[in-house]
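Visitor: Fit chain B to the given chain A structure using the hints.
Note that the protein sequences, when read in sequence, are chains A and B.
Note that my numbering gives residue 57 to position 57 of the first sequence, counting from 1, and the numbers run on in steps of one.
Note that my numbering gives residue 97 to position 97 of the second sequence, counting from 1, and the numbers run on in steps of one.
Keep in mind that a hint or two might mislead.
Said to hold, decoys possible - Each computed DMTMM-like pair below joins lysine to aspartate or glutamate, with the alpha-carbon atoms no more than 25 Å apart: (1) B/134 with A/165; (2) B/8 with B/122; (3) B/141 with A/57; (4) B/170 with A/165.
Claimed, not checked - Partial pick of chain A residues on the chain B-facing surface, computed with a CB cut under 10 Å: (5) 30; (6) 33; (7) 102; (8) 136.
FYI, nobody ran anything at the bench for these hints, they're computed from the structure.
Every residue, glycine too, gets a C-beta built ideally from N, C-alpha and C.
There are 2 protein chains.
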Amino acid sequence: MDTLQALKTRRSVRRFQAGQVDAGALDRALEAATYAPTGMGRQAPQLVVVQDAQTLDQLRKMNMEVLGGGKDPYYGAPTIVLALAPEDVNTYVEDASCVLTYLMLALHEEGVASVWVHREREMFASAEGKALLKKWGIPEKYQGVGSLAVGYAEGDYPQAAPRREGYVLKV
Amino acid sequence: MDTLQALKTRRSVRRFQAGQVDAGALDRALEAATYAPTGMGRQAPQLVVVQDAQTLDQLRKMNMEVLGGGKDPYYGAPTIVLALAPEDVNTYVEDASCVLTYLMLALHEEGVASVWVHREREMFASAEGKALLKKWGIPEKYQGVGSLAVGYAEGDYPQAAPRREGYVLKV
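In isolation and in its complexed conformation, chain A is listed as follows:
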């Protein structure tokens, strides 16, 4: 689809089908996401794709601990893509946010739904998070910035709320 159409039609989805995302679609979207611009062209962010039941469950529990309870913060999605970035890069939050945005749009083009989930900052500042980084071979300086819960949308696709008046100010 045309890019403006993609930007305007992509919505955050919080109900997912149980089935896993097509591997080719996910790979194409991940590759496109790596083309996001990053501060000084350093390509500093790190994407981590999680699909195994045990690690998905661990991430859910870690995120709920930050939340202090409640429901699954990843909405039962069959795939979670984490975005981490090294804290010694001064634009690390913006860079990883840009990569996540690229990824959500690329997934939308591929017919795959997603929702941005937060609290990875706290998750990967914890001892359990740091143990996961070590297990994955990622240096400790990498901070959690955010993630996408990824899967095929279940039920009706959400509609956009009206846009806020005055969102764009021309001075």
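Guide: Same frame as chain A, now just chain B:
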């Protein structure tokens, strides 16, 4: 163009033509940018479009003050779009980063080039920045998150550097 093509072909441009951006193209891109997802759907970010010579010059000087000198940090672009967001929204940096990413991609679809410029955080934390906010009717709690320098590309369009090996880790 197709979204994946847009994501993979859009590059940061640092040389701009002197001519102003087509008003219709800019408006379509700005409107599309407001469809970016934001934390809790709050649409908290604020875009500010600057095109008058005096304010452009003021922003350049303010940014150079943060840098401590050097060349024009906005590369002589005829338009600067600032992204601000309220600090009492815990996802304000991520939200405004997402909106800027939407905007850069929408501009690319419209044939308009851009580069993400930083240091607005420091600029709008200063007395001069706060005075600008007041002049524009924006509450003081809004922080500068980033901006795009926007215009038509001058010279050859940049090519993508090779992507970093290991950017995507599957665990």
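Visitor: All hints are to be evaluated individually against the structure, with a verdict given for each.
Guide: Results of checking the hints against the structure:
1. B/134 with A/165: holds, 19 Å
2. B/8 with B/122: violated, 31 Å
3. B/141 with A/57: violated, 38 Å
4. B/170 with A/165: This hinted pair is violated, its Cα atoms lying about 41 Å apart.
5. 30: holds, 5 Å
6. 33: Nearest chain B Cβ about 7 Å off; hint holds.
7. 102: This interface hint holds because 5 Å falls under the 10 Å limit.
8. 136: holds, 5 Å
When held up to the earlier numbered hints, the structure conflicts with 2, 3 and 4 and fits the remainder.
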